[in-house]
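Enquirer: One letter stands for each residue in the lines below.
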Amino acid sequence: MDGSGIREALSMMNERGSGEGAGYVAYGIYPDYRDCYALHVFFDKACESKAVIDATLEQWGTIEHDEAIPTCDQPNLRVNCTPWRYFFKPDASLAPGSASPEKDIVTNLVMQINASANGAEVVSSGKNVGVFKAGGSRGPGGSGGWPEDVADYYRIQDYEGYIWLAHNRYATNRPELWERPDPFNLHDWSVVENGKTTTYGANRRYVESFGYNCSTGTDSEVIAYLIDLLVRKHGLDISLAIRALAPPYWEEIDRMPEAEQNLNRALRFAYGSATMNGPFTVVAANPDMMVGFTDRGKLRPMVVGECGDRLYIASEEAAIRAMESGVESIARPAAGEPVIGRVAP
Amino acid sequence: MAKQVTIDAKGVHYTPLNQQIRKAIEDGADEIVVDNVLGQRFIGDGLRGNATIRVNGVAGGDLAMFMSGPTVIVSGNAEHAPGNTMDSGKVVIHGSAGDAVAHSMRGGKVFVRGDIGYRGGIHMKQYETQRPILVVGGSAQTFLGEYMAGGLLLVLGLDGVMKAREIGSGIHGGEIVIRGDVDEACLAAGAKKLPLTDEDRARIAPVIREFAADFGLDPEPLVNADYTRIVPASARPFAGKYTWE
Numbered sequence: 001m002d003g004s005g006i007r008e009a010l011s012m013m014n015e016r017g018s019g020e021g022a023g024y025v026a027y028g029i030y031p032d033y034r035d036c037y038a039l040h041v042f043f044d045k046a047c048e049s050k051a052v053i054d055a056t057l058e059q060w061g062t063i064e065h066d067e068a069i070p071t072c073d074q075p076n077l078r079v080n081c082t083p084w085r086y087f088f089k090p091d092a093s094l095a096p097g098s099a100s101p102e103k104d105i106v107t108n109l110v111m112q113i114n115a116s117a118n119g120a121e122v123v124s125s126g127k128n129v130g131v132f133k134a135g136g137s138r139g140p141g142g143s144g145g146w147p148e149d150v151a152d153y154y155r156i157q158d159y160e161g162y163i164w165l166a167h168n169r170y171a172t173n174r175p176e177l178w179e180r181p182d183p184f185n186l187h188d189w190s191v192v193e194n195g196k197t198t199t200y201g202a203n204r205r206y207v208e209s210f211g212y213n214c215s216t217g218t219d220s221e222v223i224a225y226l227i228d229l230l231v232r233k234h235g236l237d238i239s240l241a242i243r244a245l246a247p248p249y250w251e252e253i254d255r256m257p258e259a260e261q262n263l264n265r266a267l268r269f270a271y272g273s274a275t276m277n278g279p280f281t282v283v284a285a286n287p288d289m290m291v292g293f294t295d296r297g298k299l300r301p302m303v304v305g306e307c308g309d310r311l312y313i314a315s316e317e318a319a320i321r322a323m324e325s326g327v328e329s330i331a332r333p334a335a336g337e338p339v340i341g342r343v344a345p
Numbered sequence: 001m002a003k004q005v006t007i008d009a010k011g012v013h014y015t016p017l018n019q020q021i022r023k024a025i026e027d028g029a030d031e032i033v034v035d036n037v038l039g040q041r042f043i044g045d046g047l048r049g050n051a052t053i054r055v056n057g058v059a060g061g062d063l064a065m066f067m068s069g070p071t072v073i074v075s076g077n078a079e080h081a082p083g084n085t086m087d088s089g090k091v092v093i094h095g096s097a098g099d100a101v102a103h104s105m106r107g108g109k110v111f112v113r114g115d116i117g118y119r120g121g122i123h124m125k126q127y128e129t130q131r132p133i134l135v136v137g138g139s140a141q142t143f144l145g146e147y148m149a150g151g152l153l154l155v156l157g158l159d160g161v162m163k164a165r166e167i168g169s170g171i172h173g174g175e176i177v178i179r180g181d182v183d184e185a186c187l188a189a190g191a192k193k194l195p196l197t198d199e200d201r202a203r204i205a206p207v208i209r210e211f212a213a214d215f216g217l218d219p220e221p222l223v224n225a226d227y228t229r230i231v232p233a234s235a236r237p238f239a240g241k242y243t244w245e
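These protein sequence lines are chains E and U, in that order. Going by this note's numbering, the final residue of the first sequence carries number 345, and the count climbs one at a time with no gaps. Going by this note's numbering, the final residue of the second sequence carries number 245, and the count climbs one at a time with no gaps.
Simulated from the structure, these hints should not be mistaken for lab results. Idealized CB from N, CA, C, for every residue including glycine. One should not assume that every hint holds.
Claimed, not checked - Far from chain U by the CB rule (all over 10 Å, computed), these chain E residues:
id : residue
1  : 61
2  : 81
3  : 85
4  : 128
5  : 159
6  : 170
7  : 232
8  : 307
9  : 317
10 : 330
Stated by the list, open to error - Coverage of chain E stretches by chain U, computed from C-beta distances (three or more under 8 Å per stretch; other residues unrestricted):
id : region
11 : 318-328
12 : 332-345
To be verified - Restraint-style ranges between C-beta atoms, simulated for each label pair:
id : chain 1 : residue 1 : chain 2 : residue 2 : range
13 : U       : 206       : E       : 162       : 52 to 58 Å
14 : E       : 217       : U       : 236       : 37 to 43 Å
15 : U       : 15        : E       : 155       : 25 to 31 Å
16 : E       : 217       : U       : 6         : 47 to 53 Å
17 : E       : 4         : U       : 236       : 54 to 60 Å
18 : U       : 15        : E       : 58        : 50 to 56 Å
19 : U       : 10        : E       : 64        : 44 to 50 Å
Turn these sequences into a full structure, and let the hints guide you.
Expert: Put into structure tokens, the structure is as follows:
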């Protein structure tokens, strides 16, 4: 799929956005560099910061290729940074003893670059994947940033991907910062979220205790790191990881068969600090799957559509039908119930 | 002679679309057919009179909000909160609907043939002769009748398992009637079950017959089925929770 369909779908839900940012992520867009980690970086001033980032990356691996991300200026989007991409091969021998040395190196690089005031922000860092996003404040002197502006700026119709996520931002803080809108990505995982977690502080402290650094103050960033921690580091199956993040209420657990009770109690005890509360619908993806789930009180909408081997997850049915007018089934899954679509091998 | 107006909603934003519908009603249309609806919000909002609006497609959020009089018939599904604070008239949805159906509804009828999402009938209310009615053909989801203050909420469960839990959370008026038995564990604190009396059955029978007629169902098995009636255990369910006397 090229990016034109999801641009239309996201545009259907402009009522849910504020024109202060939007973003897209696509998997499968860099087949020529499929073995490299594609780092999308926003440079405040490329001429000042790029040499520092080049040197940092070369310390930990090889830059196979790098270039400015092709863009096309839009009248309603004020550009305040330079989007750049590196295709990077980490040197696995520099992380001895790690179960996933390349990803540990990439994770540490992302944390290090984003934590320091070096005028550079890594917004995606996975193989064969890329995040394309932008922000902008409205009103007098504002720059806008509707999904169409952002899509056209990055020419997302020129990319062919097999999983697309997109997000229409209703800015509640610092709309002018381009790294703020969803999606958030850390190598394999990308996250878009409709909502707001009220447990941001607890979740952030928890995930930071494992070495992640949350630099943007945004809950979707924390969710991306939580999923990476639970799935990659702790080895949880994705459905168990989601159960840890959006667990059933204690009263529901009390009604389960004993074995299931024990499992759910253990998960809640082990991951109490990772549990997310508040209104949210999250859609996450990695190269092998796409998954959606809502908060356990179901305070945000989630509609799921299927058509042939294609899976759609959206806030509104209209967005799905905008991409797939002949959609075969439409469902509204229960609170906390994960919807998982796996990529056919 | 009845005057019919057809509007093509394809690619039209909800603001001009609703202006066209409003204009058609002002011009005396009795029936307005809106084709190719795809998620446009606020259709029928605040309209008065007795026109019929046929929505062909997927109705967007807050369908028939504040509506007072007209009938809206949706051939497909509806998004969140159809019948939001509706005053009178009728909404007939042939598909399913999202969360918060009949939110704060104060009069009229909302009939949904399929399922509804979470918090159906949240804070429905009644005053003297104003008594809203929400009927669901399929299943409702959790927090059904949350903070309900009045009216009738009827769930027929025609398509299998009834999924709602925490039914009547904070209910302090009105009644929830569900076909079949409802496990006590599915009731929220503050709600209680009562058997359906003959008097209750006589009261809901016309509603069931009207629903069956709208969707081409056989009414008699539904009229004669077993029902569970759920009402407030007290008029002030949170009296001891937020206040101390």
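Enquirer: Can you give the numbers of the hints that this structure goes against, from lowest to highest?
Expert: 9 and 10
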